[in-house]
Amino acid sequence: PPVRAARAADAALAAMGAAGGKCTDVNMDKNTLQPKSLEESDSDDDDDDDDEDDEEDEDDEEAKHDADNALMEGMQNLKRGKTGTFKEVIDHATAIGIAEEKITRAEKALELHKANRRREAYEADLREFMETSEFQDLAECEKMEEQGVKLGASEKALAPLRDQISELYLRRELNADEIAQAKVFLETRTRSFVKEAVQGHPIIWVDVENGKRLKAMLTLDLILRKVSVKKASGDGAELATALLNQALPKRAADVPELADTDAFRDLPEKEQSCAIAILGPEQPWLLVEEELVKSDELIIGVTLIATVDESAKLSPKSGGKKGKKDKKEKGEKRKSLARSGSINEKDGEGKPPVSPRGGAAEDGEAPVSPRGSARKSSAGDEDKKDKKDRKSKKDDDKDKKEDKKDKKEKKHKKEKKDKFSLGGGL
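Numbering-wise, the sequence shown is residues 1 to 426 according to UniProt numbering.
These aren't lab readings, by the way, just hints derived from the structure by calculation. Each hint should be verified, as a subset may be incorrect.
Only pairs whose alpha carbons sit at most 25 Å apart, straight line, appear in this in silico DMTMM-like list of lysine to aspartate or glutamate [said to hold, decoys possible]:
#1 K410 with D389
#2 K114 with E101
#3 K231 with D177
#4 K294 with D260
#5 K411 with D399
#6 K195 with E209
#7 K230 with E290
#8 K108 with E128
#9 K411 with D389
#10 K407 with D396
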């Protein structure tokens with residue numbers, strides 16, 4: 001048995017040797033068979049996390065790059081119908097952390113695009129508005145202008161609307177304060193013109209036929225109610241004259257028959273703005289003032305004085321028919337109040353007074369009674385006569401007061417008429 005056991009052990013060793021020979025091509029690391037420490041294990045985990053972070057960072061950078069490109073492309077190609085999509089691009093870029101500066105620039109581009117769209121829509125509405133009846137309403141036009149300014153509409157687009165507002169404002173009804181101011185202005189300008197024109201107002205006369213210019217004097221004759229133009233030098237020959245109620249002053253630029261002539265077109269631009277046409281005579285006059293204020297004074301002055309002249313013609317003299325009727329009635333009243341037998345009565349001149357009840361009295365006889373029979377005079381009759389005389393005297397005094405009142409009214413009317421005729425009032 002011992003021998004047999006020894007042989008078995010040798011065979012086992014030989015078998016192990018053979019197995020070891022077959023594995024000679026495998027290299028084994030001695031360290032691999034040893035367990036790792038805790039520090040080495042943590043280091044391996046960190047390496048794995050770093051690899052994952054690197055991959056995530058690469059993904060984030062790629063997403064940001066794509067979002068940045070989308071922002072740039074959106075700003076360049078932003079147009080109608082794309083605003084919603086571009087807003088989503090901005091929100092996505094904000095969420096993934098695109099630079100704030102780029103986000104702000106994109107948001108401004110979006111707001112600018114929206115503002116342009118609103119402005120374009122407003123300008124289209126404005127063109128339609130100008131074709132409606134509301135375009136003639138001052139309040140509606142002002143409201144439309146306010147909306148356009150708020151939306152940033154261009155000056156070119158708003159120009160027609162603003163011109164209409166200016167025109168409607170000029171044509172609107174004046175309020176009480178403006179009417180008072182207008183009256184003061186017209187009166188001041190008229191007085192200034194009349195004060196100078198009655199003595200001679202220097203002006204330029206332009207011959208419409210040949211365009212020749214002459215220094216002249218415009219004269220206003222308030223007595224003869226006429227306006228005339230004479231040469232300022234030489235013999236002072238009269239160039240033209242017209243009655244005030246036939247002279248109609250206007251700006252020459254507004255009179256086609258003068259504005260289309262060579263005489264007017266050859267004037268410098270400043271003189272064209274100061275040129276005045278006097279219509280009414282057979283041939284229009286072309287006058288040039290030295291400044292625009294003087295042109296206004298001439299137009300206002302001649303117009304208002306001619307208007308006053310026409311008003312004086314239309315108003316009836318001495319109170320018109322009504323005045324004549326009142327005068328006639330007053331005359332009849334005074335005649336009816338005259339005492340019988342007075343020195344103004346032709347019939348029965350030199351005869352004794354007639355009884356108030358009628359019936360003539362004979363010489364040396366008492367007044368005839370109502371029944372025609374003579375009666376003796378008495379103290380009572382004398383008292384009655386005195387009372388009647390006193391009553392007649394009172395009536396005469398009353399007539400005198402009425403005459404005095406009539407004269408005062410006539411004098412007042414005459415003074416008022418003279419005041420207007422001298423250009424002292426409007």
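When you check the alpha-carbon spacing of K108 and E128, does it fall within 25 Å? Roughly 30 Å separates the two Cα atoms, so the pair is violated.
Is K231 close enough to D177, meaning Cα to Cα at most 25 Å? violated, 43 Å
Measure nothing beyond the straight line between the CA atoms of K410 and D389; if it is 25 Å or shorter, mark the hint as holding. Not satisfied, since the Cα-Cα distance of roughly 31 Å exceeds 25 Å.
Proposed proximity, E209 with K195 (alpha carbon, max 25 Å): With a Cα-Cα distance of about 32 Å, the restraint between K195 and E209 is violated, given a limit of 25 Å.
Can you confirm whether the C-alpha distance between K411 and D389 stays at or below 25 Å? The hint is violated at about 33 Å.
Under the criterion that the straight-line Cα-Cα distance not exceed 25 Å, is the pair K411, D399 satisfied? holds, 18 Å
Mind checking the alpha carbons of K230 and E290 for me, to see if they're no more than 25 Å apart? holds, 17 Å
Run the distance test for K407 versus D396: straight-line Cα separation, threshold 25 Å. Satisfied, since the Cα-Cα distance of roughly 16 Å is no more than 25 Å.
Are K294 and D260 close enough, with their CA atoms no more than 25 Å apart? Distance ~23 Å between K294 and D260 Cα, so the pair holds.
Between K114 and E101, does the CA-CA distance stay at or below 25 Å? holds, 20 Å
In terms of the numbered hints stated before, the structure departs from hints 1, 3, 6, 8, 9, listed from lowest to highest.
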